[in-house]
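Visitor: Single-letter residue listing:
2 protein chains.
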Amino acid sequence: MRREIKQDRSRLVDAGMGRIPCDLTIKNIQFFNVFTGEIYPAEVDVLDGFVVRVRCEGEEALLPSAREYDGAGNFLIPGFIDTHMHVESTLMIPENLSRAIMPWGTTTVVTDPHEIGNVMGVDGVRFMLENAKKSKLRQYVLAPSCVPSVPKLEGAGAAFLAKEVGELLDTDDVIGIAEIMDYVGVYNNDTRMRTIIDEGLKRGMYLQGHAPAQTGTPLNAYRLGGPRSDHESQSTAEVMQKLRMGMYVNLRGSSLASQVQKLVDGFKDHRFTDFVSVCTDDVHAKDLLCEGHINRVVKKMIECGIDGRDAIKMATLNAAREYKFDDLGAVAPGYVADMQLVQALDGSRPVAVFAAGELVAENGSYLGGDTMGESYDFANTVNIPQVTCKEDFYLKVPEGHTGDTVTVNVITRTPGVFARYFVPTELPVVDGHVDISGHKDLMFVAIANRYGSGDFSIAVYKDLGFDEGCYGTTVSHDSHNLTVAYRSVDDAYAVAQKLKAEGGGFCTLRGGELTCVGLPVAGLMSQDSCETIAEKVEAVQEVLKAISGGRLQSVLCLSVLALPVCPGVIMTDRGVVNGDTQEFLSIFA
Amino acid sequence: MRREIKQDRSRLVDAGMGRIPCDLTIKNIQFFNVFTGEIYPAEVDVLDGFVVRVRCEGEEALLPSAREYDGAGNFLIPGFIDTHMHVESTLMIPENLSRAIMPWGTTTVVTDPHEIGNVMGVDGVRFMLENAKKSKLRQYVLAPSCVPSVPKLEGAGAAFLAKEVGELLDTDDVIGIAEIMDYVGVYNNDTRMRTIIDEGLKRGMYLQGHAPAQTGTPLNAYRLGGPRSDHESQSTAEVMQKLRMGMYVNLRGSSLASQVQKLVDGFKDHRFTDFVSVCTDDVHAKDLLCEGHINRVVKKMIECGIDGRDAIKMATLNAAREYKFDDLGAVAPGYVADMQLVQALDGSRPVAVFAAGELVAENGSYLGGDTMGESYDFANTVNIPQVTCKEDFYLKVPEGHTGDTVTVNVITRTPGVFARYFVPTELPVVDGHVDISGHKDLMFVAIANRYGSGDFSIAVYKDLGFDEGCYGTTVSHDSHNLTVAYRSVDDAYAVAQKLKAEGGGFCTLRGGELTCVGLPVAGLMSQDSCETIAEKVEAVQEVLKAISGGRLQSVLCLSVLALPVCPGVIMTDRGVVNGDTQEFLSIFA
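If you're matching them up, the sequences are chains A and B in order.
Following the numbering used here, the numbering of the first sequence begins with 4 at its first residue and continues without gaps.
Following the numbering used here, the numbering of the second sequence begins with 4 at its first residue and continues without gaps.
Okay, chain A solo, but in the shape it has when bound (with noise of 0.2 angstroms):
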């Protein structure tokens, strides 16, 4: 349920007659103009938070306003919207978030709050919501439309059903269904997604959709079932066909996938571009402190031959439109007074932003004067009665099995494909578990549920990328379990202990020396700044480096290893699963 703004028309409308003063006016202002596309020079009255007027040049303000600000000759334009991204993947609680990307010039986000909701549950989800009012960004948030992602192949925090979904739909500030992933799902008219599709169909509310690498006969099918939107193009067909289809293109560039000139090829030479937005889906805290948020979607848009012109206003009023915002995205009379002073329409830092009508940023930094003050006291989500000494790491033999050796079915892939694949090992059996010491390609991975569940499951990949030291993590989509990555049990029993303290994080060991970085809020974010983030996120990475010879780069190298919505082999808390069939493996051949 969208929350109304509250706006005092009676107020606005006395301003806009002359009879009360306005807070602000921004003069000396090249106006930048989303519903028509010129460019003129203005003046922007603003009351209680809303644009009261733009007026043009010989339009001459009725009463003097109670401040002014010099914009100095630079372009005004609406403050930025990201169409969908997850919070999470920067690491930082909303709060935070805000304070980092308003300097950027966005002002508002559409959020999926999808990572917590598959710990936390529906009180993720409104912790997300509470601690989002805490600063100036504009949070919308979408419900979660596919926790787990695979109910009966892992164990998660929680389970939405439709239930879930129409609770959290009618919840202030939920505005629709995130991401419906689960396209096959959705195509086959399965009763889970059909169910809580409906729920978004009887509101009339926004659905989200996510149909990667669909196009033709299968995307036409999830089309119709419901969805209306797509980030997830990868290739200049899908944008082609997903515009004319009539789904809304939310051009992504986020820190994992950027092929920004492949998208904008699906429609540069269109006549008609209403139906694209712009959005950042997952962006790292240190690209969102070096590079931007948006603004750097719109500046590789620019490079790839869009317009300034057109890529500003995909970035403000196109996304409102998609979300039928009628307040949002514009600069014009009551709309939201949400807008960035620019040197050009080019994606650039903006010079000042201005959320709600006041100035939060100037030059890079937020001023906003909502720094966090307190520290939160979140309880600990990384409940592991299962791990209680090293020997749970070993991998042990079936019951019964005998001889010094065992096939194990080692999990492997061909360099540059994702899926994974079997390979039937003989491996050598010491004391009754499975011996990797020999084999300086191959590393154990346990995943253990953190839910109290117990489950827990280890198995033998090889080429995992190193082959010393040991990794582990709580951020492990969709279930965010407790991955670990091993040769020696010592090892892998140190970092879950330290991730156990933690409540959560990343966490590398070598040479005895454990590098982590803490993530106490449901084992996902921190509470930390995004400059902190990203020089701790950096000293683990440096770890991960030097243990891989370079191989790994990111923290998140382990994090879609028990992700059952993909394809091949997986592993999840409860056993090694095939992800196109969804059916359990064994782990020894």
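What the hints contain is simulated information worked out from the structure, not anything from laboratory work.
Please read all numbers here as calculations on a predicted model, not as lab measurements.
Fair warning: there could be bad hints in the mix.
If several chains are the same, the list does not tell them apart, and a pair holds so long as it fits within one copy or across any two.
[As the list claims (entries may be wrong)] When the alpha-carbon atoms are kept at most 25 angstroms apart in a straight line, the in silico DSS-like pairs for lysine-lysine are as follows:
#1 K271 with K302
#2 K166 with K9
#3 K205 with K443
#4 K205 with K327
#5 K205 with K136
#6 K9 with K327
#7 K399 with K443
#8 K465 with K399
#9 K136 with K503
#10 K393 with K205
#11 K155 with K166
#12 K136 with K399
#13 K501 with K393
Start from chain A and add chain B according to the hints.
Guide: Same frame as chain A, but now just chain B:
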């Protein structure tokens, strides 16, 4: 409350996947895509009235459809949407309107039942909604906002305050508030307007504006008050300013006003025109028969320099998005299959029209198969107990007046100027009433309340346009009281009796012969077809031309004498008023 268009998405998905066959495939077309602006060969599959798929060249149907239609190489475009019209102006009831306009390619109209609202209140609006369902045209209603136009000055059949408007807004197919005409009330924060608008705002519904000749400060303040659109622009500057403010400009091509070039000049050089749509407002039966409906405005826009692709998008997708329709205004998967085949993108009459996938017209002939069978029995709404004999039409001098003459404030106007003014004129008194027999340029006008209040006023007009015979009507904006212009009380009484017997209409009397268009539906509409109405109106207009020496051309020549929101001297059933000050004036000097 918008009625959700019922849709079995599971069946659409099944058809999309080729599990069940579609009802219809339209083959051999050039598809104009309103999302992208592209034109390409395609085939369109339909099931249950919805588009299942638009297949491009090389995409074969998965199953053959039950029926095929040969598009003969024509362009397929969406059905047109009229963003603002009054059905009453056509003199047809809603079901017959459908049959008249669908052959021209219009498949959806958003109507303002303002006239019947003034006569019959909420019941009248409900009649329009119910009757509309008898035909194939999608007719949505906006709740009239200004009934009556000025409460204290006139006697109407109903009064809408916030309560009545709120009740209508909670009715199926009522999707917003209709043209908020009292713009002065809006920018002055008048209580009636403020409380009515708030009913729409609190439901998040569409607020239709009406701001003729408004620019600058008052226009801006009007927009701040809530209204989002306007269809009243008469100048290029108005269109430019309204678009810059983010108002939807409903480009109007009505039977009364058709300055399309001036309006088009307000945006034809703009980079973005997403906020331009098309409407007809008031259109007469004969124009519908001969020239068309929305297609006629599209044609004019193109003649004025707009690209046909842009004009068609404005008349389809832009209109749908203005109303936040997700399933109208485009031919795309999941959209209602409202579409038309045209030989060119130029606004000429379509070759074929489909509504919800059903062929409803070919080459101008209606094929909907729902031709009106029954004649409805409407209550006679002409209740004039104060008219009992011809003597009632005498203008009696004030009691106590003595002498052979009296000075009457004769109402006149300067040619070409709308506002009328008083000219005190000495006239003979015969048997206690004013005698104009010696003044060929004078006429009496009587306005009789027709809702049983008994109010009745008589005044003298100069240069009304005719000097013999008599003309009367119940189509008299906005209260639609019985309005009669006459020189002889015998004539006036005869015309009044005829209109009472017919339940309203237009009626002339010349040489003892009555010529009448009976409008028994609220004294505003007829059950006749468009053709019959056009013929009957033509007959009355022939008489009007004859008695006026060609000066009067239209049956509506008396229809705005009694509208007290107009400037200058206005007459209502309660007397003569100054429209500017809203004060009553004396008929005698």
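Visitor: If the cutoff is 25 angstroms on CA atoms, where do K205 and K443 land: within, between, both or neither? Let me know, please.
Guide: neither (56 angstroms within a copy, 67 angstroms between copies)
Visitor: 25 angstroms Cα cut-off: does K271 pair with K302 within a copy, between copies, both or neither?
Guide: Close inside one copy (15 angstroms), not across copies (29 angstroms); limit 25 angstroms.
Visitor: At most 25 angstroms between C-alpha atoms: does K393 with K205 qualify within a copy, between copies, both, or neither?
Guide: For K393 and K205, the Cα distance exceeds 25 angstroms both inside one copy (52 angstroms) and across copies (61 angstroms).
Visitor: First find the shortest C-alpha distance between K155 and K166 inside one copy, then the shortest across copies, and answer within, between, both or neither for a cut-off of 25 angstroms.
Guide: within (19 angstroms within a copy, 53 angstroms between copies)
Visitor: Please work out whether the CA atoms of K399 and K443 approach to 25 angstroms or closer within one copy, between two copies, in both situations, or in neither?
Guide: within (20 angstroms within a copy, 117 angstroms between copies)
Visitor: Between copies, within a copy, both or neither: which fits K166 and K9 at Cα up to 25 angstroms?
Guide: Only across copies: K166 and K9 sit 22 angstroms apart there, 29 angstroms inside one copy, limit 25 angstroms.
Visitor: If the cutoff is 25 angstroms on CA atoms, where do K205 and K327 land: within, between, both or neither? Let me know, please.
Guide: both (17 angstroms within a copy, 15 angstroms between copies)
Visitor: As a check of your reading, is K9 near K327 (CA-CA no more than 25 angstroms) within one copy, between copies, both or neither?
Guide: both (17 angstroms within a copy, 21 angstroms between copies)
Visitor: Between K136 and K399, at a C-alpha cutoff of 25 angstroms, which is it: within one copy, between copies, both, or neither?
Guide: neither (49 angstroms within a copy, 72 angstroms between copies)
Visitor: For K136 and K503, with the copy left unspecified, which applies at a CA distance of at most 25 angstroms: within, between, both, or neither?
Guide: Classified as neither; 29 angstroms inside a copy, 65 angstroms across copies.
Visitor: Have a look at K465 and K399 and pick one of within, between, both or neither, based on CA distance no larger than 25 angstroms.
Guide: within (18 angstroms within a copy, 109 angstroms between copies)
Visitor: First find the shortest C-alpha distance between K501 and K393 inside one copy, then the shortest across copies, and answer within, between, both or neither for a cut-off of 25 angstroms.
Guide: within (13 angstroms within a copy, 104 angstroms between copies)
Going through the hint list in order, the structure does not satisfy hints 3, 9, 10 and 12.
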